[in-house]
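Participant: Whole structure, please, built from the sequences with the hints as guidance.
Using the numbering used here, read the sequence shown as starting at 2 and increasing by one per residue.
Possibly wrong hints are sitting among the right ones.
[Claimed, not checked] Derived BS3-like pairs (lysine-lysine); straight-line CA-CA distance at most 30 Å: (1) Lys172 x Lys325; (2) Lys235 x Lys279; (3) Lys112 x Lys141; (4) Lys172 x Lys235; (5) Lys325 x Lys279.
Hints are computed from structural coordinates only; laboratory data are not their basis.
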Amino acid sequence: MSSPSVPRDPSAYLNKRLAENGINEKEKEALNELLNYYEKRLWHQLTVSLLEYVKAPYFTDKINLYNEFIADFETKMNPLFLVDILTPIWGSMSEKDKVLESILKIGEKVKNHQEALCLTKVLAGTLYLEHFDNPTETKKIIEDVNDIMDNVKGVGKVHSRFYFLASDFYKRQGDHEKYYRNALMYLGCTDIGELDAATQKVQAVHLSLAAILGEGIYNFGELLAHPILKSLNKSDEEWLIEFLFAFNSGNVLKYKELKPKWSSVPDLNANESVMFEKLCVLAVMEMAFQRPSQERILTFEDISKVTTLPIEQVEILVMKTLAKGLVAGHIDQVDQTVSLTWVQPRVLDLEQLKIINKKIDIWTESISSLENIVENNAGEILTL
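Facilitator: See below:
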């Protein structure tokens, strides 16, 4: 998509389109509106009208629209809107090498506008990933855009498209942890109401599997609280919700109860030992979380009962949990106990919030008791 060498006459182009036989009435109305705004030099209104026009199903002459019309005044447009307008035009072109060339050229023109530049890079990255099978270039673009986006204020549609590209890339690479984090970011800046039911369900399944298999993911609360999981209700994959809750609370019994379900999923079945170790780590975290801060001394025997691990394997489990930075404390090998002083903060599910509520009630009662002691003994203290 390149500009013609002959001088442009945007008004003549629109009038020519209007004179064509069989033109759709809605398109004729839209073209007249574009012509009116162009001749009056109402660039903002023209931009808004173009944003709607290029997405309309009756719009057909997409490539010429840019070459003979938009290119004449593209420097007067908001750079981000320009890229937005060109996106469906690029999408209609079958020669993807020419699309990439055009995207890169526009990227040069809008390079002083961070969001517009990022969007052109994301569109180029999508082409590299989906059409040119070039993961190396895609990864480079993701890293470049991530650095630029750190300086962009607020969250908008460019963020959504970027995180979708990044999550798609890491999913194809089999990097469960990075896919999970980027997919959650994508959902965080996307109205899931705009996604159809099938797409929501696919996202929910992929996120659930990534949460379970992701090496550094020990916080399931954010996903469990996300409405995307509702798409699994009354489906064959509804058990995944139970499975996530089992991991979040380190529930080994529920994990074993659901084995007929998860063992039918190749990725989960192939990683059974990895999953179980992760579940046991989460069980230790949950045991520490449920206890008052002054009573976080766990015996090897207690941990063995909860995890179903032999006692001789408990120390190794605790050492791994400490090494991951998920808890802090020390092991007493003689007494076979673990004293935990800190548990990594997590997004809590409803049951865990109930535990916090009970802890607050106990703390409130202890404060009240202390207050009564002070009141009852205040006279003696003052006398002294």
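Participant: Indicate, hint by hint, whether the structure satisfies it.
Facilitator: Against the structure, the hints come out as follows:
Pair hint Lys172 plus Lys325 holds up; C-alpha atoms about 24 Å apart against a cutoff of 30 Å. Of the supplied pair hints, the one linking Lys235 and Lys279 holds, its CA atoms being roughly 28 Å apart against a limit of 30 Å. A hinted pair counts as satisfied when its Cα atoms are at most 30 Å apart, and Lys112 with Lys141 qualifies at roughly 17 Å. Between the alpha carbons of Lys172 and Lys235 the distance comes to roughly 26 Å, so the proposed pair stays at or under 30 Å and holds.
Between the alpha carbons of Lys325 and Lys279 the distance comes to roughly 11 Å, so the proposed pair stays at or under 30 Å and holds.
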